[in-house]
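Residue numbers (the working numbering), protein chains in the order written: chain Z, 101 to 197; chain S, 61 to 1067; chain P, 136 to 316.
Do not rely on the hints blindly, as some may be mistaken.
Simulated pairs of lysine-lysine, DSSO-like, Cα-Cα distance not exceeding 30 Å [what the hints assert, rightly or not]:
#, chain 1, residue 1, chain 2, residue 2
1, S, K702, S, K954
2, Z, K183, S, K960
3, S, K952, Z, K183
4, S, K952, S, K821
5, P, K279, Z, K183
6, S, K745, S, K702
7, S, K926, S, K745
8, S, K954, S, K821
9, S, K702, P, K279
10, S, K954, S, K745
11, S, K926, S, K952
12, S, K926, S, K954
13, S, K702, S, K821
14, S, K745, S, K821
15, S, K821, Z, K183
To be clear, the hints were calculated from the coordinates, so they are not data collected in a lab. Predicted, not measured: the structure shown is a model, and the values here were computed from it.
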Amino acid sequence: MLLIDCPYCGERPELEFVYGGQAHVARPAQPAQVSAQQWADYLYRRDNTRGVHAERWRHTHGCGRFFNALRDTTTDHFRATYKVGEPPPSAAAPVPR
Amino acid sequence: MNEGLRTREGGRIDRSRGLHFSFDGRAYTGVAGDTLASALLANGVHLMGRSFKYHRPRGVLACGAEEPNALVAVRRDAARYTPNLRATQVELYEGLAAHSQNRWPSLAFDLGAVNDLLAPFIPAGFYYKTFMWPRRAWQWLYEPRIRAAAGLGRAPTEADPDRYASRYAHCDVLIVGAGPAGLAAAAAAAASGARVMLCDEQNEFGGSLLADDPRAAAAIEGRPAPQWLRETSAALGSNARVTLLPRTTAFGYFPHNLLGLNERLSDHLADPHPDLPRERQWQVRAREVVLATGAIERPLVFPGNDRPGIMLAGAARTWLNRYGVLPGTRAVVVTAHDEAYPAALELQAAGVFIASIADVRARDDGSWAARARAAGIPVLTRATVLGTGGRRRVNSILLAQLEGGEAGAQAQPCDLVLMCGGFTPSVHLFSQSRGKLCWDEGLQAFLPGTPAERVRSAGACRGVFALDAALADGAAAGAAAAREATAPARTGVCPSGAAAAAAAPPAAGGGAGFAGALPQPAGARGRAFVDWQNDVTTGDLALATREGFRSIEHIKRYTTTGMATDQGKTSNLNALGIVSCTLGKPIPEVGLTSFRMPYTPVSFGSFAGPARGELFDPVRTTPMHEWARARGAVFEDVGLWKRARYFPRGAEHMHAAVGRECLAVRNACGIFDASTLGKIEVVGKDAVTFMNRLYVNAWTGLAVGRCRYGLLLRDDGFVYDDGVVARVSENRFHVTTTTGGAPRVLAMMEDYLQTEWSDLKVWLTSTTEQWAVVAVQGPKARAVLAGLVDIDLAAAALPHMSVALGRISGVPMRLFRVSFTGELGFEVNVPADFGPAVWEALWDAGQAHDITPYGTETMHVLRAEKGYIIVGQDTDGTVTPDDAGLGWAIGKNKPDFVGKRSLERPAMTSPQRRQLVGLLTTDPQVVLEDGAQVMAQAGARAPARALGHVTSSYHSSVLGRSIALGLVAGGRARIGETLYVSVPAGDIPVQVASPVFYDPQGRRLHA
Amino acid sequence: MRDLSAARCLPLVSASTVLHALPPATRYVLRGGAEVRAAAESAVGCGIPARACRATLEGDRAALWLGPDEWLLIAPEPPPGGLAAGLSEALEGLAHSLVDVSHRQSALALSGPQATTLLAAGCPLDLDTSAFPVGMCTRTMLAKAEVVLWRTGPQVFRVEVWRSFVAYVSQFLGEAARGII
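Could you build all of it, start to finish, from the sequences and the hints given here?
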């Protein structure tokens, strides 16, 4: 069970969270204007990262907020968590202590 | 008890408290403090099990968790039967009844032992090669036989009556292992004020100290070791910041320093308190972990090394010093390590005749050898073992010097062989934590390297064997862990770079030991076992490499070495040594297999914990549940909810009850508990914008006080949920969802709101449980309500699909005029605590109108008669609004809503998509099966393409015939056609029809 | 009309650690930004915490931070002065949401020296007062039920539970208590 640093509540056990898939996949502002391929990419295409992965989590059984996280998929260690709308911190940043 | 085998004094047993027990039905006596293994040894019983594959007689090899042979079942009663326990870990209690396994008819005479004679024909992987043909024999011969032979022990025949507890815990420092290093670590960490937890799998703390001869014990901190142990444990026990957990195995290391511990609370008690859980599983989140898990003595691999009476030297020392048991009378010691010498000398002092010590090493100038010789024990160097004799107990050993070959071999009579191949640090948990292991050439062992978690190793588990060094190592680790855990501004669970690098362990004392098979002169015979539990021999490993296996992972799977409860504890390094030798590659290049959790087996009950029976899952009931229960309702599970399915009268079956309830609603009036419907209050100045973006419908034009059927898609264009939505005020919507869909709809709404449309000023609140919902449906519904509510119920004032706020019998109410039955209907929403009283009031008022309670089954039939879909039954995640006949719900002028772009894809508008239609069987009494395939022609044989399938099917009492809904390719264009529903008994002809079977004009609805 | 069948006091572990149902209360979920929080305080009659996972209790009124724009307001029933009316007036013109959830959930009080031990059977949070001090509140899990856990005293917790989970939570705590001998 991971320990996840909710940007609002602090470190909480994974039981309180729901994973939300890859982060920073924006819904097209005007779906009618995008091609079928672009729409399919938005719906279905996701990275399969070995290493640092930007992903969404929701503190469902806590504050209820969605937020983003950088997690190293090879170690399960989180590099950072940050609020929706904020840019991802540099993935090269040192591991938080 | 065999008095001659129990020492007169010493040990950690209480000779004054005799305990009766039985093994395979035979009565024995032991004493308090014994394990089953020590008590059997004290009775002269060495034969404790049969090996898995060859059914060879086996005695106890080790004295702890690593024991591979003495697997027993302990039976308290039919339901309390635990197989595959290691006799070395079973604490004796009065009346304990244990049984050996893997033998028939008895342990001493086992017919399965014929496998041993067949051994040349059943080498490693034989089952991959043998049962190839005839192929059909698999079904009736091979598989049943293999299944019967496979597995160890048997399962109990009744449900487990014991209770199991669960506990989450948090601490600054968790220390695994309460040997000298672990105790020193705990003392140091506790001294700094940290929150400390210390667990050990044994019944008492002390680890290796428990096996020491107290008279020869070293001094620790100026005190004799036993005194230090007693006082240190007591000091920790009286510290409120310290949690001590004996009989607790750390079985798994999970991400972010979460460790699973299994505490055994009652297995050692003769008569446990009935409320006492048998086990408690702890999930411990530790800021820092110190592993002080010790080391496991390595067996030596030589021909015939598996006979009862051949055991690890350290185990023999433990039997003597801890349990006061002499494991034999005449012993030969075979060793590759100094540690066997003190064992030999202590056993000799206790009266065991030590015939000789065979040291496989070359040097003979060691001080230990000199001490042994001074004690009159012959010491042979550069020695090897050519074989052993004896069937159910070793009776001789054939020793030779390597140069001498068989010519110089000397057979020595003995009833005990001690062996010591050195020590293998227990790195299981460290490896589970994904830490890197490093090969230490000097120690000939894998040691913890770079950690992946906030973990330190201390003492023997990282190669620090000497007592003084282990104590210092533990104290340093405990202090450092406490310092890190309580450092200010510390966050995260990632290991820190600098602190993680452990100090190098000191050089090995007593030698590195030996990994592999003892060298043999040419022509040596007999099987040398590497993995006792799985019956893997040097020959099996050699065969695997001859057959081309190179990766140790493949060799493990082919030969099964290190599998099951062993997990490499006794077998790992010897197997690696042999493969390394055969392949001519150094051990680190051969690699290492994974250490898997659990470290030792953990019961299913421990994992289930309290989540069984009534507590398996929450059982959610509505405010009106008691009323339904008292009326004899039959309930069905809908998610976690209990919903009344129908209300049988007398001996009525479901079919009759549902038919009666349906007619009651159609002809008079029914009352239905709809409280489980999901409800979400959407509030804020942008509420209508949010609803427009999310649902397919147009909401801007929905007047306050009106309702609309809302349809929700995913962005892939497929139906996700539906429900009636009421506009309660300008900026407030009362949204209903399906019963099962409530949480996921709310989650989806939050997702879009928080991550895509965070600019909208609108908020979502679940109100599912705020409201009790009583549906009153049928032509008399208005008359039932009329006298109770302060609202004008006339069709003009409150038309179909409207909502009004008012009171019912004084209780505040949201009154919906909606219908899922096709009849005039109302849904009365009141604050939940008032639900039962309001239901009763409606029930009373309904008596004059022949009101009938109905359940979900009736509701399903009524809605199917009207062609109303149930999401998840008539849809399956690939159904568009148009497929379901709901295209009318889509707001045509909206620029966007969730799913709109997907609906514009050509494949989503194809006329050949499966569309919801009605299916009427030619024979009106035949009720189709849900899920049955719809075919174009009769007599279709596989493979044939189905046109679709039946989604809902019922007998309709109002229509006097069966009805069904189905998804059929191009279905709406096929109305009137005859198709065939394929069932095992043949084909059922059906006519495609409109899905609305009853009152297609909807006159009743608008009455 | 109230169902008081759950109002009985359940002694757990020993007479000193007990679980009992608290009386019905008026509850609102208040949603909105910082300006809503500030404007609502006077109507609620109680400070509304800005700090995450904290509750304020003034007299018989309480406000619990549940999320950065979400508070649970608790007042005795019936609320003197009409809490909803006062709030609506105070929040006039401010974007917000106010939803009555008085009947959605009910409250259990767990108190006594073994309170944290019992909760730890099913709650994955660290309940040591250093990590979960008096005045802290949060949504979390208790076994398979979501609850709002609020520590009102060193050995006293208020557990807000959706009504259909009350029986499960009570039984679970009872089972946990049986295991402590």
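Now for the hints, and whether the structure bears them out:
no. : hint            : verdict
1   : S/K702 - S/K954 : violated, 40 Å
2   : Z/K183 - S/K960 : holds, 29 Å
3   : S/K952 - Z/K183 : violated, 36 Å
4   : S/K952 - S/K821 : holds, 25 Å
5   : P/K279 - Z/K183 : holds, 28 Å
6   : S/K745 - S/K702 : violated, 37 Å
7   : S/K926 - S/K745 : violated, 36 Å
8   : S/K954 - S/K821 : holds, 20 Å
9   : S/K702 - P/K279 : holds, 17 Å
10  : S/K954 - S/K745 : holds, 19 Å
11  : S/K926 - S/K952 : holds, 25 Å
12  : S/K926 - S/K954 : holds, 29 Å
13  : S/K702 - S/K821 : violated, 36 Å
14  : S/K745 - S/K821 : holds, 6 Å
15  : S/K821 - Z/K183 : holds, 18 Å
Hint compliance for this structure: hints 1, 3, 6, 7 and 13 are not met, and every other hint is.
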